[in-house]
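Q: The chain contents come next:
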Amino acid sequence: MELESLYQQIILDHYKRKVGYGINHGGHPSHQYNPTCGDEINLQVLLSADGSTIDGIEWEGTGCSISQASASMLAAESKGMTIDEFEKFAGGFREAMRSRGEIVLDEEEYGDLASLSGVSKFVARVKCAMLAWVAAEDSVTLTRGSLN
Amino acid sequence: MELESLYQQIILDHYKRKVGYGINHGGHPSHQYNPTCGDEINLQVLLSADGSTIDGIEWEGTGCSISQASASMLAAESKGMTIDEFEKFAGGFREAMRSRGEIVLDEEEYGDLASLSGVSKFVARVKCAMLAWVAAEDSVTLTRGSLN
Amino acid sequence: MFSHEDSERIRGAFPELRERVNGVPLVYLDTAATALRPAGPVEHESTFALTRTAAVNRGAHTLAAEATEAYDDARATIAKFIDARPSDLVFTSNATESINLVALAFRLASAVGAPERFALKAGEEIVVTESEHHANLIPWQEVAKATGATLRIAPVTDGGVLTVGAVESVLTERTKVVALPAVSNVLGIVNPFREIADAAHRVGALVVLDACQAAPHMALDVTATGADFIAFSAHKMYGPTGIGALWGSASVLAEMPTVLTGGSMITRVDYDSADYLPAPAKFEPGTPRLTQAIGWADSIRFLDDIGMDRVAEHESSLGAVLYRLVSAVDGVHVLGTNVGVERVGLVSFAVDGVHPHDVGQYLDSKGIAVRVGHHCAQPLHKRLGVDSSTRISLGVHSTLAEVEFAVDALARVRGFFGVA
Amino acid sequence: MFSHEDSERIRGAFPELRERVNGVPLVYLDTAATALRPAGPVEHESTFALTRTAAVNRGAHTLAAEATEAYDDARATIAKFIDARPSDLVFTSNATESINLVALAFRLASAVGAPERFALKAGEEIVVTESEHHANLIPWQEVAKATGATLRIAPVTDGGVLTVGAVESVLTERTKVVALPAVSNVLGIVNPFREIADAAHRVGALVVLDACQAAPHMALDVTATGADFIAFSAHKMYGPTGIGALWGSASVLAEMPTVLTGGSMITRVDYDSADYLPAPAKFEPGTPRLTQAIGWADSIRFLDDIGMDRVAEHESSLGAVLYRLVSAVDGVHVLGTNVGVERVGLVSFAVDGVHPHDVGQYLDSKGIAVRVGHHCAQPLHKRLGVDSSTRISLGVHSTLAEVEFAVDALARVRGFFGVA
Ligand SMILES: Cc1ncc(COP(=O)(O)O)c(C=O)c1O
Ligand SMILES: Cc1ncc(COP(=O)(O)O)c(C=O)c1O
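Residue numbers (the working numbering), protein chains in the order written: chain A, 1212 to 1359; chain B, 1212 to 1359; chain C, 1362 to 1781; chain D, 1362 to 1781.
Below, simulated BS3-like cross-link-like pairs (lysine-lysine); rule was C-alpha separation at most 25 Å, straight line:
{"hint": "1", "chain 1": "D", "residue 1": "LYS1743", "chain 2": "A", "residue 2": "LYS1338"}
{"hint": "2", "chain 1": "C", "residue 1": "LYS1643", "chain 2": "C", "residue 2": "LYS1441"}
{"hint": "3", "chain 1": "B", "residue 1": "LYS1338", "chain 2": "D", "residue 2": "LYS1643"}
{"hint": "4", "chain 1": "D", "residue 1": "LYS1482", "chain 2": "C", "residue 2": "LYS1506"}
{"hint": "5", "chain 1": "B", "residue 1": "LYS1227", "chain 2": "B", "residue 2": "LYS1338"}
{"hint": "6", "chain 1": "C", "residue 1": "LYS1643", "chain 2": "D", "residue 2": "LYS1743"}
{"hint": "7", "chain 1": "C", "residue 1": "LYS1482", "chain 2": "D", "residue 2": "LYS1482"}
{"hint": "8", "chain 1": "A", "residue 1": "LYS1229", "chain 2": "D", "residue 2": "LYS1743"}
{"hint": "9", "chain 1": "B", "residue 1": "LYS1338", "chain 2": "C", "residue 2": "LYS1743"}
{"hint": "10", "chain 1": "D", "residue 1": "LYS1727", "chain 2": "A", "residue 2": "LYS1338"}
{"hint": "11", "chain 1": "B", "residue 1": "LYS1338", "chain 2": "C", "residue 2": "LYS1727"}
{"hint": "12", "chain 1": "C", "residue 1": "LYS1506", "chain 2": "D", "residue 2": "LYS1506"}
{"hint": "13", "chain 1": "A", "residue 1": "LYS1290", "chain 2": "A", "residue 2": "LYS1229"}
{"hint": "14", "chain 1": "C", "residue 1": "LYS1727", "chain 2": "B", "residue 2": "LYS1332"}
{"hint": "15", "chain 1": "D", "residue 1": "LYS1506", "chain 2": "C", "residue 2": "LYS1482"}
{"hint": "16", "chain 1": "A", "residue 1": "LYS1227", "chain 2": "D", "residue 2": "LYS1743"}
{"hint": "17", "chain 1": "D", "residue 1": "LYS1643", "chain 2": "C", "residue 2": "LYS1743"}
{"hint": "18", "chain 1": "C", "residue 1": "LYS1743", "chain 2": "B", "residue 2": "LYS1229"}
Note that these hints are calculated values from the structure, not bench results. Because the structure is a prediction, the values reported are computed rather than measured.
Okay, chain A solo, but in the shape it has when bound (with noise of 0.2 Å):
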């Protein structure tokens, strides 16, 4: 396998840019580790008050390119989505990383994480991509669940 179809240029901007880092309301934050590798992240999803609409993504953490790329990218594309648009997509996600190279993320609907296509074909390295995605489901349901 490639070593340039895991590290795509966008990926390792990403991980220097961070989109959404740095936890700066109230919320409802998910703590997740990868225990091979001791990584760990803290990330919450920001809600409309009627708990329908994600105004945005923060995190905080340390980790490889590939799980840092990842919440930057998941920070900066799900902002707007309704709960609904973000289970699919997340689910879609989660498919496409456990293809192993079967499935390739379309670009119009999933913008910078498409280049994370590749991980799938890399088996150790698709917690990594999880890692972001894991904490933001956990998040959305401890903050609706303080809704109710």
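Take the given structure of chain A and dock chains B, C and D with the ligands to it, following the hints.
A: Using the frame of chain A, we list chains B, C and D with the ligands on its own:
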């Protein structure tokens, strides 16, 4: 390996005769188990008042032909031995049993016990042949301990 | 029973059946102790070891990722075989360790009084049966001794039958665990484990099912057993030594305290505390049994290819013949009835006037490998009035010709030892 | 270092070294995680499995007797390798389980207050070090939590050095256990374990030595270590997964309570109690790891044929070169000093601006297998100011050419990720 080299007629005879069977005196019996089959023996060596000579061996227990014949022959052959003689005798027997067919016990010295020489080729049965001897050595130690 | 062709094909997979013992062909009738190994799984395991060895769950390099995948696939295969979810299947060294994990969870919980479900105290009760293998008896004796709980023994009939009523007779509101064998390794009788599990659950007890002698010989659906925990070993299923499993229902595993701790089971660790991963990881610290899991999964595929329903049919039919023929030998007494019970292909028996060691030795001289002794069930033997017995047990490769050959030899044992 | 001929001969034994990974030849620098397997031992193990499988310690038939003998011989071979008596060597699943056996003995003894030597109570102390693998840390955290004993941590220097003085600084009259690694799996530094054991014994504590990273890389004489318990794993010694060992001094093993119970460890059993055999049997219930023991013994013979003094010399010399070359790479920081310490062939390091996962992935693309992450030592990493690292570790088959190739690749990592 020939089955007949293990089961000599004299062994089967002792298996029925059981010299020394029945514990009829006070003494210091040793209880030994064969963990594989649950066979057990309770055996005591009766020593002369000064602890120097074997007056007799009494035993009870259940077990295969080899273990029972070995106990019976031991009781028959060891009577009247000094402790030193017995220790040498037992050492020689053990060595032969562990020899994997290399050492054949001398009939002059070991009498009927010489018929057990074949056991050493059947490694799994060595424990059976040794059960009474381990008990005898233990009982001698217990008995002499009580004399001091 | 298998057709001659099927049988020959199955036997062809086992190189050991072509070995000679004492100059005569091997007739292996000791599958209940340890099963022979089919060539394919062993060769695959060894090729894997020589070309794909790497650390599981711990590496990012290609070989490590492949090893991790192969290991996860193996777990999935084994879990599917018993209709379980992979995450509910904990690997152990053998069934004995599987049972000990549960028993130790009880001891550790009892020492600190939590979690409630696993914490025992004086006055509470543990139920085992008279037909237990030492592996499902001694750990519970130790739990009872350490916690002050009472060990109660559900009786079997003189024919070795464990009835639901017998278990119910010792169940009380204070019973917290019921441990039983799915199939006795001495009697070959299949116990009514589902009904017993239901009865145990009615008093709120957890059920530990020892499936060592069931898993290799019949289709097993873990949920249908009704048990909370099931223990079994690979080496009795044509798989490698050194690996076994504890299946647990998800909610019970989630509550169960960890017993062994260390690497690969954690998320966060600092010097004074650590957070654990969920099951199965929380019960599997350290470097896993990689090649053993792979070998076991292959042996499961071997069984699956034959089909467990066919395996069960073959072995129990042949077992019925075995039972009948052995019972008919003069001076031979079979342990356990065949009336009104389901049985696997396994028969233990006593021979008048000849000790099992001597029976086994005689059979061995004809190439026939059987088990002699107490088969790790001393109390059951005593209960049935003997110290030990000789056991013939069948496997997928067993044939009618082998059974007849063994029974013929058995019929000559008393003559050889001069007691006929 | 080994001559070219010796090296080629040794490398020839490892088929995996002829594998290609990502289209390039494998450069395996992850022996500290799991060692590759030599062909001879694996093939012997598989032949044994296919022709000599039978139940150990449980049968009278010929195959069972042969299996028992082979198993006992394997134990004797492994024991001799560390100058131990076979009866003091307990087989386990891995080093993690070895350590847990000891830790659980403490927990179980503490719950009932006996035997005294293993019973801990509030106010008493357990000492571990800052350089612990999770396997020798978390079990002791659990013991402390369950018993109320205090866990004290002996510090290392910023260079990762564990001094006798540092351990002495946390030893008190209340210390009952001291656990430490013979060699840190992150730092590669050989600790002064003999002196630390002596200091621990002066306050009456038992010493648990984690020899995972020592046993494969240097001659080990268990008595000379001064430890009471030593844990190690076969899979780091070119042996199979699924087997490890706990060595204990005879008198301590005799006192140590059993942890796992079941068959093959008993003399007499009835329904409410049982008598146990002496060590090692009392710690090894159930069907043993037969083929694994045989495979391990063969891998030990493989090491013995080379000679452990030569192995140690080769690996530490090559390790010194590795340390020097890695340290010299721009933007790379090695964890742990090489000044004033003995080291094995193992170096962990951080790369400025590039996460270890990414470093490892880059090296993997060149066929170089290394370990990335916290190597089951999260606290030590934090202590040294990093979350994780990349580790290169050497084995008997490692060469100067491989080391140079890996360091060359390492030197290009920061450029690839655009941080140079
Ligand atoms: C120092 C040290 N201790 C303990 C262990 C645990 O060994 P295992 O995983 O074989 O139980 C390892 C290896 O992972 C190690 O390097
Ligand atoms: C019914 C039963 N339970 C438990 C065991 C123990 O299995 P293992 O020795 O594989 O732990 C056995 C086999 O010996 C068995 O037959």
